[in-house]
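Number of protein chains: 2
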Amino acid sequence: MPEKHLTAPPAAADKNISVSNWLRLVRVYNLMCKELRSRLKEQSGCTLPQFDVLAQLHRFGRGMTFVELSRELLVTSGNLTGIVDRLTAMGHVTRQPDQRDRRVIRVVLTPGGADLMEQLLPRHSADLEDLLHALSAADQQALQRVLGKLRVSLQSVG
Amino acid sequence: MPEKHLTAPPAAADKNISVSNWLRLVRVYNLMCKELRSRLKEQSGCTLPQFDVLAQLHRFGRGMTFVELSRELLVTSGNLTGIVDRLTAMGHVTRQPDQRDRRVIRVVLTPGGADLMEQLLPRHSADLEDLLHALSAADQQALQRVLGKLRVSLQSVG
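Chains A and B, in that order, give the protein sequences.
Counting in numbering that gives the first Met the number 0, the first sequence runs from 0 upward without gaps.
Counting in numbering that gives the first Met the number 0, the second sequence runs from 0 upward without gaps.
Simulated from the structure, these hints should not be mistaken for lab results.
In this text the structure is predicted, and so the values were computed from the model without any measurement.
Among these hints, one or two may not hold up.
[To be verified] Derived pair list, reagent style DSS-like, types lysine-lysine, alpha-carbon separation capped at 25 Å: (1) A:Lys33 - B:Lys33; (2) A:Lys148 - B:Lys148; (3) B:Lys148 - A:Lys33; (4) A:Lys40 - B:Lys40.
Construct all of the structure, not just a fragment, from the sequences and the given hints.
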């Protein structure tokens, strides 16, 4: 029954490819973070988690609560209060009471923080394009498709 | 000159695919870490960085110096001394002077630590296989190929 053979459970070789892919993904993630971290530091003096907070605030526009921020952050949230304190000291964000419920605090970009992001975001896109330059259009599309499939599957696990 | 058009610099759509792929990679990495973290905790009481140290020690066999360990770790090294202290308290590792140069300290697995890894590594492989189950063999091969290419390219940047 050759059909049965074709749908047999993954053999040792397939098990190894999952481990291999995870190790490659971790290495690529770490190498990308290292490179983005150093470019970002040079461009703005910001760390990756600081940039992540600024990027979410820029994306959402009208300020975010700490709960909303921690839900949206890409990089590990770590000490979010400390990151926001530091960004406040740098003049990029400020804490404001919510207009409808003044007990709720929203973190908002200052005009200077918004200007900074207008400068940084195109450079960040260009940096990512540069870091992925080795991939052909077909490679990029394959990566997008496979990672998209994996993300959907993993979101249903959690 | 249609040929020229075909090899033109990446347009806006291609720039966006780099950003999209980075965001997908970060999400997948975080979702995988979250899931592996909780499974590992349940299986062994270990954190991901602790498991990472144990896995490297298991792979190298005859103990590693702190410098060797920090070079090989997959997850952020963070506070390596603290991780090794905690693993020592758990009875999984011990510090030993190097046999040739007693000023050098090597971290080695205890027999109990080695037994633990013999149990954990197959479960970790099975967990990875499970987390990547949504990918077909062709998807896995595409991911392996594209991430491999990207890893080589990024290693030459750093």
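A quick look at each hint next to the structure:
Between A:Lys33 and B:Lys33 the CA atoms are separated by roughly 21 Å; this keeps the pair inside 25 Å, and the hint holds. Between the alpha carbons of A:Lys148 and B:Lys148 the distance comes to roughly 20 Å, so the proposed pair stays at or under 25 Å and holds. Proposed proximity of B:Lys148 and A:Lys33 is supported: the alpha carbons are some 18 Å apart, at most 25 Å. Note on A:Lys40 and B:Lys40: the hinted pairing is violated, with a Cα-Cα distance of about 34 Å set against a maximum of 25 Å.
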